[in-house]
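J.: Residue-level listing of the chains:
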Amino acid sequence: MVTSILEAGQRLERSEDETLPRRAGLNRLPALVLFIVGVAAMIGAWNLSVGSLQHPQPGLWPFVVSFVIALTGGILTLFPEQIPLEAWNRRSLGVIGGIVSLGVFIILFETIGFIIPAILMLVLWLKVFGGERWIPTIILSIVGSATSYLLFAELLGVPFPQDIVLNALSWIGI
Amino acid sequence: MRFNLKSTFFTSAAVILSVGVAVSLTGCGAAGTAEAVDAGYPAKTVKFLMPYAAGGPSDVTSRAMAQCLSQGLGGTFVVENQSSGAGAVAMQQLASAKPDGYTVGLSTNGPMVLNPMFNELPYSMDDFTAIGTMAKIPTMFAVGKDSPFKDAESLFQAAQENPGTISMGVPGATSSLAIELKKLQQDFDIEFAVVPTSGSAELITNLLGGHIDAVFINDHKDVAAHVKDGGFVPLAAASQERSKTYADLPTMEELGYEGFFTDSVYGLFGPKGLPDAIVATLESGIEACTQDQEVIDQIGERFVPDTFSNAEETAAVFADMQTRYEPLVG
Amino acid sequence: MDTLDSLTLGFSVAFEPTNLLFVLIGVVIGTAIGVLPGLGPTATIALLLPITYTMDATTSIIMLAGIYYGSMYGGTITSVLLRLPGEAASVVTAIDGYQMTKQGRAGTALGIAAIGSFIGGTVSIIGLTFLAPMLANVALAMGPAAYVALMVLGLFLVTSIGTGSTIKSLCMAGLGLALSTVGQDPIDGSSRFTFGSVGLLSGFDFVAVAMGLFGVGELLHSLEKSEHGQAIKVKIKNIWPSRKDMKESSGAIARGSVLGFFIGVLPGGGGVISSLASYAMEKKRAKDPSRFGKGAIEGVAGPETANNASSTSAFIPLLVLGIPSNVVLALIFGALLMHGMTPGPQLIAEQPNLFWGIIASMYIGNLMLLVLNIPLVGVFVQMLRVRTGILIAFALLIVMIGVFSINNSPFDMWVVLGFGVLGWLMNKTGFDPGPLVLAFVLGPILEKSFRQSMLISGGSLEIFVTDPAAALIFGAIALGILYKVLGTRLKRRKKTAPVIPAESVDIDS
Numbered sequence: 030m031v032t033s034i035l036e037a038g039q040r041l042e043r044s045e046d047e048t049l050p051r052r053a054g055l056n057r058l059p060a061l062v063l064f065i066v067g068v069a070a071m072i073g074a075w076n077l078s079v080g081s082l083q084h085p086q087p088g089l090w091p092f093v094v095s096f097v098i099a100l101t102g103g104i105l106t107l108f109p110e111q112i113p114l115e116a117w118n119r120r121s122l123g124v125i126g127g128i129v130s131l132g133v134f135i136i137l138f139e140t141i142g143f144i145i146p147a148i149l150m151l152v153l154w155l156k157v158f159g160g161e162r163w164i165p166t167i168i169l170s171i172v173g174s175a176t177s178y179l180l181f182a183e184l185l186g187v188p189f190p191q192d193i194v195l196n197a198l199s200w201i202g203i
Numbered sequence: 008m009r010f011n012l013k014s015t016f017f018t019s020a021a022v023i024l025s026v027g028v029a030v031s032l033t034g035c036g037a038a039g040t041a042e043a044v045d046a047g048y049p050a051k052t053v054k055f056l057m058p059y060a061a062g063g064p065s066d067v068t069s070r071a072m073a074q075c076l077s078q079g080l081g082g083t084f085v086v087e088n089q090s091s092g093a094g095a096v097a098m099q100q101l102a103s104a105k106p107d108g109y110t111v112g113l114s115t116n117g118p119m120v121l122n123p124m125f126n127e128l129p130y131s132m133d134d135f136t137a138i139g140t141m142a143k144i145p146t147m148f149a150v151g152k153d154s155p156f157k158d159a160e161s162l163f164q165a166a167q168e169n170p171g172t173i174s175m176g177v178p179g180a181t182s183s184l185a186i187e188l189k190k191l192q193q194d195f196d197i198e199f200a201v202v203p204t205s206g207s208a209e210l211i212t213n214l215l216g217g218h219i220d221a222v223f224i225n226d227h228k229d230v231a232a233h234v235k236d237g238g239f240v241p242l243a244a245a246s247q248e249r250s251k252t253y254a255d256l257p258t259m260e261e262l263g264y265e266g267f268f269t270d271s272v273y274g275l276f277g278p279k280g281l282p283d284a285i286v287a288t289l290e291s292g293i294e295a296c297t298q299d300q301e302v303i304d305q306i307g308e309r310f311v312p313d314t315f316s317n318a319e320e321t322a323a324v325f326a327d328m329q330t331r332y333e334p335l336v337g
Numbered sequence: 037m038d039t040l041d042s043l044t045l046g047f048s049v050a051f052e053p054t055n056l057l058f059v060l061i062g063v064v065i066g067t068a069i070g071v072l073p074g075l076g077p078t079a080t081i082a083l084l085l086p087i088t089y090t091m092d093a094t095t096s097i098i099m100l101a102g103i104y105y106g107s108m109y110g111g112t113i114t115s116v117l118l119r120l121p122g123e124a125a126s127v128v129t130a131i132d133g134y135q136m137t138k139q140g141r142a143g144t145a146l147g148i149a150a151i152g153s154f155i156g157g158t159v160s161i162i163g164l165t166f167l168a169p170m171l172a173n174v175a176l177a178m179g180p181a182a183y184v185a186l187m188v189l190g191l192f193l194v195t196s197i198g199t200g201s202t203i204k205s206l207c208m209a210g211l212g213l214a215l216s217t218v219g220q221d222p223i224d225g226s227s228r229f230t231f232g233s234v235g236l237l238s239g240f241d242f243v244a245v246a247m248g249l250f251g252v253g254e255l256l257h258s259l260e261k262s263e264h265g266q267a268i269k270v271k272i273k274n275i276w277p278s279r280k281d282m283k284e285s286s287g288a289i290a291r292g293s294v295l296g297f298f299i300g301v302l303p304g305g306g307g308v309i310s311s312l313a314s315y316a317m318e319k320k321r322a323k324d325p326s327r328f329g330k331g332a333i334e335g336v337a338g339p340e341t342a343n344n345a346s347s348t349s350a351f352i353p354l355l356v357l358g359i360p361s362n363v364v365l366a367l368i369f370g371a372l373l374m375h376g377m378t379p380g381p382q383l384i385a386e387q388p389n390l391f392w393g394i395i396a397s398m399y400i401g402n403l404m405l406l407v408l409n410i411p412l413v414g415v416f417v418q419m420l421r422v423r424t425g426i427l428i429a430f431a432l433l434i435v436m437i438g439v440f441s442i443n444n445s446p447f448d449m450w451v452v453l454g455f456g457v458l459g460w461l462m463n464k465t466g467f468d469p470g471p472l473v474l475a476f477v478l479g480p481i482l483e484k485s486f487r488q489s490m491l492i493s494g495g496s497l498e499i500f501v502t503d504p505a506a507a508l509i510f511g512a513i514a515l516g517i518l519y520k521v522l523g524t525r526l527k528r529r530k531k532t533a534p535v536i537p538a539e540s541v542d543i544d545s
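So the sequences go chain by chain: A, B and C.
Going left to right, the first sequence walks through residues 30 to 203 as the numbering used here numbers them.
Going left to right, the second sequence walks through residues 8 to 337 as the numbering used here numbers them.
Going left to right, the third sequence walks through residues 37 to 545 as the numbering used here numbers them.
Just chain A, same shape as in the assembly (with noise of 0.2 Å):
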C-alpha cells in the first residue's frame, strides 16, 4: 500500500497533464483510508463499551457503523473500482489556498468582528481566485460586505462579535 501512497504524492507533483491514465493507486487510496478510519472507529466504539444487541451500550451502534465503513473500505481497496479521476494539477493548490483563506476568515471573525474580514475574504476571492479588475473588486467587496452587515446583523439581529471597525466608528463620535 506504501507503494500506491507515493505514487500518489507523485503523481501530484508532476501532474501536469489533465489526462490521467487509469491507475487502481489513485482509486485504492481514499478507500484505504476509509478502512483505516473505520478499523479506528471501531476501536474508539469497543472503548465505549458495546454491551449486547438485547442491552445495547453506547459504543454498539458506532461499533457495527464502523464495521461498515471498515468492510466496505476494505473491499474498495481491494477490488478498486476502475474509474476515471480527475487528475491533480496546480490549480488543486489553488484550492488548498482557498480553504487557508476560509479559515483565516473565521479566526479572524471571531476576534475582530464581521467587516474586516468579509472585505478581505471578498477581495481575495474576487482578485486572485476570480479574477476581477481592481476596482470592481473594491467596489464589490466594500458594497457586499456593508450590505451583508445590514442585512444579517441590523435586519435578522444575528449576534456578530464585536466588531472593531463598528467600535471605532463609534468612539470616534456617532
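Don't read these hints as lab results, they were simulated from the structure.
Note that this is a predicted model, so its numbers are computed, not measured.
Note that the Cβ used here is the ideal one computed from N, Cα and C, for glycine as well.
Check the hints yourself; a few may be wrong.
Stated by the list, open to error - Derived coverage of chain B by chain C (criterion: at least 3 residues anywhere in the stretch with Cβ under 8 Å from a Cβ of chain C; other residues may be distant): (1) 52-59; (2) 86-95; (3) 125-135; (4) 168-176; (5) 214-224; (6) 269-279.
Given chain A, put chains B and C in place with the hints provided.
T.: Same frame as chain A, now just chains B and C:
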C-alpha cells in the same frame, strides 16, 4: 486554542478600541476589571445568554424577562440563544465573560449542575454568581387514559413486584428528572424500565400512543392540555408543594417518598465575581418582573413562584441539587 | 359544524386585510430566506419570534407558517443553482437539480419544482382539511419500534440514490452514520468521539454538514476547474418546462404529493423520508434508471413535491395533538404558547378561528408562492450569468454567515469548512455525498429508537413483530428485497453474464 486567541486579541482590542463604547458612560478607564460599576448600570446592551434553542419554555421566560428588565432597569437586554454543545457553549461563554454585569444568562438544572457531571467541561457551578429565580416548572408522574394504574401507589408497587417490566419515559438522559428517578429507584428499591427520549414532545407522543406505560415529565402547558383532554392521567406531583392546578394531586413526599422532589428551576446567573451592587440591581429587577402581570401572563401564572427566591436562595437551591445528584452520576 | 362551514369561517379570517398582508409577508420572507444558503426557516423564525409576541396570535402564526412553507420553495433554488441544500429534504433535489443546471436546464428544474411544490402543497392542505384527526392517530401509532423499521427502510432507500456502486454508497452511508454518533449518547448521556470539545457535545449540525459536503465542496472544486473569471460555459436553454417536461413529471408530482402527505405526518424524519422515498420510487419506475443522478427531471419534480406536501402535513400532529414534529414547528408551538394558546386536542374546538384561519391561509399562501415564484425563476436563472468568480465569493460569504446564525456559534463555521474540504476530496475521488448526508439524518433516530425499543421490551427483539406498525413496515421491506432478488435472478437468466451492473450487487454480500 480558539478561545485563547480570542481572549487575548479581544482584550487588547477592547482596551485599544472599544474603551470609548465600553466605558465612556461609566467614566472608568480599566476595561478589564470589574470595577466599572456605579449607579449608571446598565449603561449599554446587556447580553442575555440562553443555553437552549428558541421556542421552548426557557426561551419564553428569557424573552419576557429580558423585555421587562430592559424597561425596569433601562439599557437593553438582548437574548442570545446558543444551544450548541447541549448548552455547554453558552455556559462556558458566561463563565468566562467579564463580571461587569453586561453578560448574564439563564440556566437550569441541566446545563448548570448535571452537564459538568456527565462530561468533562471547562466550567463548574463555582464559576457563576446566582442572581435570582425567574421561573420554576413543576414535574409530575402520569399514565395514559387506558392505563391499569389508577394511582401512584399501584404503579410503584407494580414496578417493585415486577422489576424492569414497566416502562417509564423521561425527557432526556441527562435531565434532572432522569437523575431524580434514579434516586427514587435506589432509595425505595423500585425498578422501572427507564426510557430516555429527546424531550417532552416525544414523551407525549409515546404515552398517547401507548408505547410506554408511564411518564415522568415537566408539567408545562403542553402536558396540561392533555390532562384536560383526558389523554393524560396525572398520578403524583413531584414538587415540594401541591400544584395549584391539580389541588387534589398528592405530592411524592405526601405519598411517603421522603426527599423526592424536583423542579426545573430557571435561574439568572452572571460570571463569578459579579459585584454586589450589580447583583442587587438585577435581583430587584427580577423581583419586580416576577410581579409584573404581563410577564406572569407570558410565562404562565403557575410557573412564576409567588415568593421570590433571591440570589442567596437561588444559589442554595442549585448547591442542594449539586449535593443530591453528585452521588448518583457515576 | 361541518368541515365546509369551518373552512368558510377560516377563509373569512384569512381574507381579513391584515392577515392577507401577513401571509404575503410570510411567504416573501420565506422565499428570500430559503434563497440565502444556511439561513433556513429555523434561524429566521427564531429571529422573528420576539416580534410576533406583539402581534395578534392568528396573524402571527399565519405569518410564521408562511415563512416555513415559503422557505421550502426558496430552499430549492440554491439546491438547484449552487448545489447548496439548506435543509435535509432538499438534499435529494440537489442531486439531479444541480446536474440539470450544468446542462443549462436550471429554469426547467426550478419551474417544475415550483409547480410541483404548489400541487404537493395544495393536495396536502386539502388532506389537512379533511383528514387531519384521522391521520393524527397514524402519528401516534408510530412508536420506537416502528421508527426502527421506518429508518431501516430509509437507509435502504439511501443506498439506492447514489450514482456510484452500491458498495460505495454503503460505505458513504456508513460514514454518515458514524459521523452522526459524535456527541452525547441519546440514552445514557455520555459523550462519544467528542475528543474533549465542548462544541461537539451536541454533534455536528446538519445544515453545516450538508452545506459543507455539497455546496462548499462544489465551490472549492470549481476553483480548480474554471480558468480565472470564466463563467460556467453553459448556455441557458429554455427557462420554462416544456410540454414534454410536464408530461414526464406529472406522474412524479402526483405520486410525490401522496407520499409526502402521508409520510410527512410522522414526527422526526418524515420530510426526509418522503423526499427519499419519492426519488427512489421514480428511479425504480423509470424505464432507464441510469438517467438519475445525471439530470432526470422526475428526480427534481417528485422529491420537491413530496417535500412541500410533507411540510404541510407536518402541521397535523402540531395542530391536532400539540406535538411539534420538527424544530420549526417547535418554534411555532412556542409562539402559540406565548400567546396563551396551547396546541393540543382541544385547539380545534376552543380556537376554531385560529385553526381554520391557518388552514385557509395556507391555500392562499401557496397560490401566492406560485404566482411569486414563476416570474422569480427567470430572475434566479439570470443569476447564473453573473461571473463565476463573483458568484462563488458571495456564495461562500453568505454560507459562512448563514451557518454562524444557526447556533450563533463560530464552531459551526469550522464544521462547514471541514466538511467542505471533505466534500471536495470526495468529488476528486469519486465518492457521492448524498448517501452520507441522508444517513447522517436517519442514523440518530434509528439508534435512539432501537435502544428505546430494547428498553421497553426488556431486551426482546419480538417487539418488532408484535408492534403492528413496525411489523407492517418490516413486511414491506422484506417484500421489496424479495422482489429485487427475484427480479435480478430473472434478468440474469435472460441476459447472460452481465457486466456487474451497480444495481445487482447484493447489499448483504
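J.: Count the residues of the stretch 125-135 of chain B whose Cβ falls closer than 8 Å to any Cβ of chain C, and tell me whether that reaches three.
T.: It holds, with 5 qualifying residues against the three required.
J.: Report holds or violated for chain C covering the stretch 168-176 of chain B, Cβ cut-off 8 Å, minimum 3 residues.
T.: holds (count 3)
J.: When I compare C-beta atoms, does the stretch 52-59 of chain B have three or more residues closer than 8 Å to chain C?
T.: violated (count 0)
J.: Three residues minimum, CB to CB under 8 Å: does the stretch 214-224 of chain B make the cut for coverage by chain C? Let me know.
T.: holds (count 5)
J.: Holds or violated: the stretch 269-279 of chain B covered by chain C, criterion of 3 or more residues with Cβ-Cβ distance under 8 Å?
T.: Violated - the stretch 269-279 of chain B has 0 residues with a Cβ nearer than 8 Å to chain C, which falls short of three.
J.: Go check the stretch 86-95 of chain B versus chain C for me, would you? Three or more residues, Cβ under 8 Å, otherwise it fails.
T.: Coverage by chain C holds for the stretch 86-95 of chain B (9 residues, Cβ < 8 Å).
Going down the numbered hints, you'll see the structure goes against 1, 6, while the others check out.
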